[in-house]
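J.: Given next are the chains, with one letter for each unit.
Number of protein chains: 2
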Amino acid sequence: MRVFICGIDGYLGWTLAMYLSVRGHEVAGADSFLRRKWVEEVGGHSAIPIVSMNERLEAYKEVYGKEITFWEGDLCNYDFVLRCLKEFQPEAIVHLGEQPCAPYSQIDVEHCVFTQHNNIVGTLNLLWAMTEVCPQAHLVKLGTMGEYGTPNIDIPEGFFTIEYRGRKDTLPFPKQAGSWYHQTKVHDTHNIMFACKIWNLRSTDLMQGVVYGTKIEEMNADERLCTRFDFDEAFGTVINRYCAQAVIGHTLTPYGKGGQTRGFIHIADSMRCMELTAVNPPEIGEYRVFNQWAERFDVTTLAQEVKKAGEAAGIKVEVKPIDNPRVEAEKHYYNPDHQKLFDLGFRPHKMVDMLPEMISDLMKHKDRIEAKREHILPTIKWRRDGAKR
Amino acid sequence: MRVFICGIDGYLGWTLAMYLSVRGHEVAGADSFLRRKWVEEVGGHSAIPIVSMNERLEAYKEVYGKEITFWEGDLCNYDFVLRCLKEFQPEAIVHLGEQPCAPYSQIDVEHCVFTQHNNIVGTLNLLWAMTEVCPQAHLVKLGTMGEYGTPNIDIPEGFFTIEYRGRKDTLPFPKQAGSWYHQTKVHDTHNIMFACKIWNLRSTDLMQGVVYGTKIEEMNADERLCTRFDFDEAFGTVINRYCAQAVIGHTLTPYGKGGQTRGFIHIADSMRCMELTAVNPPEIGEYRVFNQWAERFDVTTLAQEVKKAGEAAGIKVEVKPIDNPRVEAEKHYYNPDHQKLFDLGFRPHKMVDMLPEMISDLMKHKDRIEAKREHILPTIKWRRDGAKR
Chain A
1 MRVFICGIDG
11 YLGWTLAMYL
21 SVRGHEVAGA
31 DSFLRRKWVE
41 EVGGHSAIPI
51 VSMNERLEAY
61 KEVYGKEITF
71 WEGDLCNYDF
81 VLRCLKEFQP
91 EAIVHLGEQP
101 CAPYSQIDVE
111 HCVFTQHNNI
121 VGTLNLLWAM
131 TEVCPQAHLV
141 KLGTMGEYGT
151 PNIDIPEGFF
161 TIEYRGRKDT
171 LPFPKQAGSW
181 YHQTKVHDTH
191 NIMFACKIWN
201 LRSTDLMQGV
211 VYGTKIEEMN
221 ADERLCTRFD
231 FDEAFGTVIN
241 RYCAQAVIGH
251 TLTPYGKGGQ
261 TRGFIHIADS
271 MRCMELTAVN
281 PPEIGEYRVF
291 NQWAERFDVT
301 TLAQEVKKAG
311 EAAGIKVEVK
321 PIDNPRVEAE
331 KHYYNPDHQK
341 LFDLGFRPHK
351 MVDMLPEMIS
361 DLMKHKDRIE
371 AKREHILPTI
381 KWRRDGAKR
Chain B
1 MRVFICGIDG
11 YLGWTLAMYL
21 SVRGHEVAGA
31 DSFLRRKWVE
41 EVGGHSAIPI
51 VSMNERLEAY
61 KEVYGKEITF
71 WEGDLCNYDF
81 VLRCLKEFQP
91 EAIVHLGEQP
101 CAPYSQIDVE
111 HCVFTQHNNI
121 VGTLNLLWAM
131 TEVCPQAHLV
141 KLGTMGEYGT
151 PNIDIPEGFF
161 TIEYRGRKDT
171 LPFPKQAGSW
181 YHQTKVHDTH
191 NIMFACKIWN
201 LRSTDLMQGV
211 VYGTKIEEMN
221 ADERLCTRFD
231 FDEAFGTVIN
241 RYCAQAVIGH
251 TLTPYGKGGQ
261 TRGFIHIADS
271 MRCMELTAVN
281 PPEIGEYRVF
291 NQWAERFDVT
301 TLAQEVKKAG
311 EAAGIKVEVK
321 PIDNPRVEAE
331 KHYYNPDHQK
341 LFDLGFRPHK
351 MVDMLPEMIS
361 DLMKHKDRIE
371 AKREHILPTI
381 KWRRDGAKR
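If you read the sequences in order, they're chains A and B. Our numbering numbers the first residue of the first sequence as 1 and each following residue consecutively. Our numbering numbers the first residue of the second sequence as 1 and each following residue consecutively.
Just so you know, not all the hints are guaranteed correct.
Remember, identical chains collapse to one label, so a pair may be satisfied in a single copy or spanning two.
Once the Cα atoms are required to be at most 30 Å apart in a straight line, the calculated DSSO-like pairs of lysine-lysine come out as [claimed, not checked]:
#1 K340 to K197
#2 K197 to K320
#3 K316 to K61
#4 K308 to K197
If you are wondering where the hints come from, they were derived from the structure by calculation, not from laboratory data.
I would like the entire structure built from these sequences, with the hints used as guidance.
T.: See the structure below:
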C-alpha cells in the first residue's frame with residue numbers, strides 16, 4: 001500500500017520507511033530535520049553515526065533496489081502538507097512527525113510553547129489536508145501510553161464502558177499525562193477523535209510504550225542504513241540510556257524510588273505493529289486506539305536487567321538511584337491492556353533477548369557515548385523554584 | 001482583592017471588570033481587541049453600541065469614581081504577560097482572554113489553527129508567568145460545559161469516582177468537545193491540571209454554560225458603560241441570537257431536531273459566580289472544577305420562551321427549525337451537576353424573568369440588528385464535502 005511517513009528522518013521514521021519499503025509497500029515521507037537540531041541543542045548526538053537523508057536514500061536504493069520518496073518541509077506549513085498529500089495520494093499516513101521528548105518540553109516556556117504549537121498544529125494541518133485531499137486514507141497516529149498516566153484502575157485501549165449513578169456509557173478513558181510533551185499527545189487524541197466524528201476520517205491512535213533497541217535486521221546490510229540512537233538526558237529513553245551508560249562504565253541511574261512502571265517495546269516490534277495497523281484499517285469514520293507495548297517493567301528491574309546483560313558482556317555495571325527530576329508516582333498500580341495488536345498477529349520479542357545485541361552494537365561506538373558522558377544525567381527539572389508551597 | 005482580568009474588553013471581561021471594581025476589588029486587565037476584529041471579520045457588530053476602552057475607563061471613573069488599570073497586549077506574547085503580572089501582582093487572575101466562538105474555529109484550517117494556537121499558547125504563557133511571578137495567585141479559568149459533550153451518564157464537576165474491573169479511582173471526567181474551539185478548552189484543562197500538579201499552582205476551572213443577557217444593573221448609569229452584544233451566526237449565542245431575531249421579526253431558527261440541551265446562565269449570574277470563585281480560592285496546588293450554569297433547556301424550548309417574551313412585548317414571532325450546521329446529538333440525555341457554586345451561595349436568576357429586559361434593551365437598537373440581518377443564519381458548516389462516506 002502507499003504509506004506516507006511524517007517524520008521520516010527520525011529514530012522510528014527512518015526505520016519504518018525501510019521496514020515498509022522492503023516489504024513491498026510504496027513509501028514516501030517528509031521531515032524538516034528538527035530532531036537532529038534538538039539533540040544537538042541539548043548537547044547530545046546519536047551514539048550510532050547516521051548519514052544525511054540523501055545518503056540514506058542512496059544507500060537504501062543501492063542495497064535494496066527500491067526508491068523512497070522524500071520531501072523536506074514542516075508539517076506546520078499547511079501548503080507543504082497539502083502538496084505532499086496531493087502528489088502522493090497516500091492510503092495510509094503514519095504520523096511520527098512531532099517533538100517527542102518530555103524533558104525537552106519542560107526546559108522553559110519557549111520549549112513548552114514550541115512543543116505544544118509544533119505538535120498540535122502539525123496534526124491539525126494533516127487532518128485538514130486529509131479532508132481536502134484523501135478523506136479515505138487511514139491516519140496511523142503515534143500517541144503514547146503516557147497519555148493515560150498511572151491511574152489506580154486497569155487501562156483499556158482508549159475507551160471503556162462504565163456505570164455511573166445507575167447509567168452506562170462507553171467513553172474515552174481519562175487522560176493524565178506527565179509532561180508538556182505528553183500533553184500534546186492528549187491534545188492530538190482529542191483533535192483526531194473530533195475530526196473522525198465530523199469529517200468521517202479514520203484513524204488508529206497508537207498508544208505506544210517506551211521504545212528501545214539499536215536497529216532492525218535490514219540495517220545490518222550497510223552502516224549508512226542505521227537509524228539514530230540517542231542517550232542524552234532528554235532524547236535518550238530509559239532502556240537505551242541505561243545501555244549507553246553501561247557500555248561506558250557509567251552508573252545506571254533510576255530516578256527516585258524506581259517503582260515507575262511502564263510498557264516497553266523493541267523498535268522492530270514497533271515497526272511490526274505499525275505495519276499491522278496500516279494494513280488493517282478501521283472503518284471510514286472510525287477512531288480507534290491500540291495500546292502498543294510488549295512487556296511491562298519498573299525502571300529498577302530494567303536497570304538490573306541491563307546490569308546483567310552488561311556483565312554477561314564483560315562490563316562491570318553499577319546501579320544507583322538519583323533524585324527524580326520529574327513529578328510522577330514512584331510506586332503505583334499499572335495494568336494496561338494490549339490485546340488488539342496481538343489479535344492482529346503481533347508476537348513481540350523479549351527485552352532480555354534484545355539487550356546483548358544492543359550492548360554489542362553500542363560497544364562499537366563507545367567513544368561517541370563517552371564524548372557526551374556529561375549529557376546523560378538529568379539537569380532539566382519538572383519543578384520550578386518559584387512555585388514551592 | 002487584586003484581580004487581573006485577561007480579555008477585559010470582551011462581553012464578559014468588561015462586565016466583570018465593572019462588577020468587581022464596584023464591589024471594592026482592585027481590578028486590572030489586558031486585551032488586544034481581537035474580539036472586535038473577529039466580529040467585524042464575520043460581518044457582525046454589537047447590537048448595543050460600545051465605546052473604546054479609553055472611553056469605557058473614563059466613563060467608569062466619572063460614574064463610579066474608581067480606576068481600572070488597562071494594558072493593551074496579547075497573551076501570546078510572554079514578555080507582555082510577565083510584565084502585567086509583575087506590575088500588578090494579582091491575587092486572582094480571571095482568564096477570559098481566548099477566542100470563544102465555535103463556528104469561527106470551524107471556518108477553515110487557518111481559523112482552526114489560529115484558535116487552537118491562540119488559546120493554548122495564551123494559557124501556557126499565563127501558567128509559566130504565574131510560576132515565575134505569583135505562584136500563590138488563584139487562576140480562575142473560563143472553561144465551558146461544552147468540554148464534556150453529551151455523555152449518556154450524569155456529568156459531575158470535573159472528576160468522578162468510578163469502579164472498573166473491581167478497582168476504584170477518582171479520575172478526570174472524559175471530554176468529548178464539539179468544535180475546534182471547544183477542544184481548546186479541553187486542552188487548557190489538561191494543561192492547567194498538569195501545571196497545578198508539578199508547580200503547586202492553584203486553579204478553578206469554570207465549566208460555564210451558555211451565557212445570555214444584555215447587561216448588569218451597573219451599566220444602566222451611563223450608556224458608555226454597556227458591554228457588547230453579538231447576534232451574528234458565529235459570535236451570537238443561542239438565547240441572545242433568538243432575542244435579536246425576535247426584535248426584527250426574523251423567524252427563530254433552532255438547528256436540526258432541536259433537542260440539543262445545554263446549561264444556561266445570565267451574564268449577571270456569571271459575574272456573581274466568578275466573584276464567588278475568586279474570593280473562595282482552592283488550596284495551594286489544587287485544581288478544582290465548578291460547573292457554572294443555572295438552568296437547563298433544549299433549544300426548542302428556548303425558542304418557545306423567546307417567542308412568548310416577544311409576543312408579550314407586542315412582536316409577532318415565528319419558530320422554524322433549519323438544517324443543523326453542526327455535528328452534534330439532537331436528542332440526548334443531559335444531566336450535569338452544578339452544586340459547588342450553590343454551596344458557595346450562588347442563587348441564579350430565572351431566564352423567563354430576564355427575557356423581557358433583553359427584548360426591551362434590543363428594541364432600542366433594532367436598526368443595528370436589522371442592518372446585519374443577513375449575518376444571522378448559519379453559513380459556517382462543521383462538515384466538509386471532501387470527507388463524505
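J.: Which hints, by number, does the structure contradict?
T.: 3 and 4
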